[in-house]
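Undergrad: Each chain, written out:
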Amino acid sequence: MAANLTFYPVGNGDMALVTLDNGQNILIDINIRASADGEDEDVHDVAQDLKDRLPRDDEDRPYVDAFLVSHPDADHVSGLRNHFHLGALDEYPDEEDKDRIVIREMWSSPIVFRRANSQHKLCDDAKAWATEARRRVNLFKEKGMDGTDSGDRILILGKDRDGKTDDIMDIVVLQDELITAANREEDGQFEARLLAPIYIDPDQEDAEELIDLLSKNNSSVILRFAIMADGTEDACRFLSGGDASVAIWDRLWQRHKDSNSDWLSYDVMETPHHCSWRTLSHDRWSEMGEDVKVSPDARNALSQCREGAHIVASSNPIKKEEPNPPHERAKREYVSITSADRFHCTEEFWEKNSRPIEFTISHQGPSFSHRVAAKKVAAAIGISAIPTVARGHGSRDGE
Amino acid sequence: MRRHAEHFLRVVGGYPYVSNAGIAFVGENEAVLALELAVELPNGARLAGRSETGVRAVEPVEVVLQTGYPGRCPSFRLRHDFPVMPHLAPSDGKSLPVPCLVDGSPDEFFTQHDLVDAGIMAIVDQMCIWLKRAATGRLSNAKHGWEPLNRAAVLGTIFIDREHILGERIRKDAGCVWLRSRYLEKLYRAEEETPGFWVSNDLAPSLAALEQTFPFEFETRKDPGRTVAAVLWPSQKAVSKDLLADDVTTLGQLEARADLYGMGDQLRHFVKDLERRFEAMWVSAPLPVAVVLCVRRPFVLMGRSSSIECVAYSLNVHRPRSDNPSPALRPDIPVFPLRQVDMPSQGLFRSMSGALAIPNTSIIGCGSVGSKVGMHLARTGARILAVTDSAFLQPHNMARHALARSPFPQFKAPELAYELGRLGATTRSFIGDIIPALDEPDDLLRAVPTQSGLLVNTTASRLVREALSGCAGGRIKARVAEVTLFGRGDGAFVFAEGPLGNPSLSQLEASLYATVTKRERQLLFDPTHGLTQVQIGDGCGSLTMPMTDARLSAMTAMATEELCRMVGIEASVGGQIAIGVRDRTGLSTNWRRIAVPAFHNVKVEGGDWSLDIADDVVRLIRKEIATYPTAETGGLLIGTCNSRLRKITVVGTLPAPEDSKRSATSFVLGTKGLKKMISQRFRDSGGSLFDVGTWHSHLSDQGASALDWHTANSLARERPPPAVLLISTPLRFLAITGTSSH
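Protein sequence lines correspond, in order, to chains A and B. According to my numbering, the first sequence is numbered sequentially starting from 1. According to my numbering, the second sequence is numbered sequentially starting from 400.
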């Protein structure tokens, strides 16, 4: 099993899979739209693709070792109820067509402790995520570490400002700390530093202002992975930033620039918020056009490249006239950080190559994968070519 | 050849990482294409334009198509200064370096794809994967193991008990021992030197009285000769990390090589001692002697538990009578590489069984499955008339073969025949390949004697399956059947053809793929241990599918029982399939049976293809037509398409999508959702079943219309595999296929 990063084409949404050398899988966000489950051949069946990559347990259930939902927005959690098993494992449905994925360990921000309200609206999948997270937290409170097995485990990424996590600190990762195990398997395969959500001390001066800022998108989990490959530690650094906006990236740079700027460095980065302009600037494009300025702090935070780094935008094709996100000016900024051939858009790549963007990781670092999709091969030799257009048949001559 | 070369170019033109492609040379027997492949490099190397191991971002590659293509796999060559690495036969100064792309037979790998186009894509993909691994030095590493020198093509062979030598002889300090050995001067009738050595574990004295030559003795007609094999090893500290070209051809070069490996002194000592033994003698003819260099490698060898690689050579001691004798072992005398083969160390499997009476049987393939099927059948009292195989019994066969044999080279077929004879059978053997034999009446008679009522193919070879398909009733009178294991012995299938070979083995295979269950699919098409057994990536044919003898025997035994049921005197004569798979827990194995009625053959107008339609499909089409008595209707045909046999085989249909239009005089096949359904079928069948054409009805008995021909021709222009239009009139089926030139 070789370490691997996979970025699925899910429109303006995120869905990435980190595969480790030991065969463990960490899934980051999902956006499995109804159209991807439907008949339309031109939308990638990401759920099937994911299941094909995942290992299966003795009961033939596909599973992920860890599943992170960076924040509870529809474009990061859609498809949860359809494709993932929620609830205790002994309730796993057995019918062949309900081949749901088992989540061995959930990774969730403490936002699951917040009830939905007018400021904090949740889609049904996000509600289901929060319900499952609370089930697991309660089970942990009741049975502790030893009593929570694969399928019941959860890690809370960040401390809750209202003290909801005070009594479960064994399963809480604090800001700036490291996660070193998926599903509690300490195997030296990776470490992931929790850069956000930013913890707000209710007593600090600007708490009120921060609480306003840190809703939804800005509550996103930001992790910087350092992944081992072929026995080489830190072979690939991967920065995953959810939908965090410019204010968060400004703060992260201010916080780390002096002694820990290395914490932001990467070989592969997924652009925050589907290549939106909001990540990079406080200026409004709609008002200022090309006069807008990029925030230097945010740019610094997002440009700590290691040699030959790549940036992936998980978004719809990036066009000048299209609404934000994705934003063409943002793309130009990312290209200036890397280069045109090291900036990739998931949907553009899908249109051309019929597969997700992938990086294989060796001891020398990540390589942008050249694999040719089976579907592409099939298409090249003419399979499925008959129904490209309606085909006339019939006894009537002369048409 | 030009046509093949152009076709190859057209296919790779669609491959995204072929940055340039052209034809370099076309001759009568060979075509050479020049490709440039973009290599997948790590971030840093991509920026620099070349990897640490010296692989460039874009690599020139030569592809050679030779006589026999597309029945033979194209071969690949790299630039002359490509860095030396594992899985590569380095340049010898004249020829270009050749990468080893496939573990196993490249021809089988290439031909497992029905469509030549798919085979081309697969082998080019394999080349790209190879380059990617070469770029990161991943072709061989501590995890995968050190790859020993690839001497698969070397005919000269040395059989040694490697475990004994490594465990009992080699010490920390450098040294040398002589082991008593037997030899045959020629193992094969080839022009080159093909000596064979059988090395015992007994020491031979390296010093002896000058007049005494023991343990040397010349080979006689009846008895192999006696000689020694010198085993040399360096001190524990001398670890050889470098991979060197396998190009030693003289004793002088061997000495230099031994120096590099840290055992130069040992080699010089050995040469001196040997020379001294013959000092006072004339040697009338060359006497072969073997040298085994035990090279210490930085990590464990692939598939082994030790990091010592045995590299063996032979040389001839020859000191003819002369007035002015020169030393026998001069630096310029030739040395020859030897392929090293392990001596056996395993016992024999004994089985018992019982089954129904079956017809007189001939068996193709005397490998582990074939030998076991043969023994099982013979022990039920079945008469085994003939067994066919072209290969030698190798010591490694002893791991799972039904026979236990000494390591002297013996052909599998006569050995199996001999063994069956001890069970009371009078079995003849045919040493040869069944495929050419099908066209040689005399050979065919030896492989499948006239009285054979049943022919069982146990080779698991796609090529043999194809060749046998359609022979029954013609060149072969016997009923044809097959037993094949897959998925490390966790799965097996048994086919029995119908009367006159309808359905044939190939049609049964397609029928099976049309109905595979999830578990069967996982095992059949798993890339790491699926049906083909042709492994890609690391390892050059070093080992076959790993499984225990017990597993192989268990599955073969069940398959044999199933075979007996299918072909027993009371059984149905129609085509039959049985497939068994072990579940994930390993606790139970489930078998299911499928009866396959004869296929309907329809003549295809407009090309040299033939069309076979499964009976199920015919019934389905008729049922569908009955529901539209006043309008033309139709649908999509799913099946296989074999460009070598020029055969389209239909085993399923997909219904017309909802946006299709039906009227009394026309039928327009819509598109909604159809691509997705085809993809699903393609995936589920391990990439073998796809859209091979359409069918539609005509309300009166009328042939293809201009519109039908128009559709057929536009399909032909749009894709390489043929698409057939099947027309069902109230009286008959007819079919057309278009040509791209219209």
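Don't take every hint at face value.
Stated by the list, open to error - Derived DMTMM-like pairs: lysine to aspartate or glutamate, alpha-carbon spacing no greater than 20 Å straight-line: (1) B:K917 - A:D57; (2) B:K917 - A:D230; (3) A:K375 - B:D1083.
In short, the hints are calculated from the structure, not lab data. Keep in mind that this is a model prediction, so the values were computed, not measured.
Undergrad: For every hint, state whether the structure bears it out.
TA: Verification of the supplied hints:
{"no.": "1", "hint": "B:K917 - A:D57", "in the structure": "holds, 15 Å"}
{"no.": "2", "hint": "B:K917 - A:D230", "in the structure": "violated, 33 Å"}
{"no.": "3", "hint": "A:K375 - B:D1083", "in the structure": "holds, 13 Å"}
Hint violations for this structure: number 2 only, all remaining hints satisfied.
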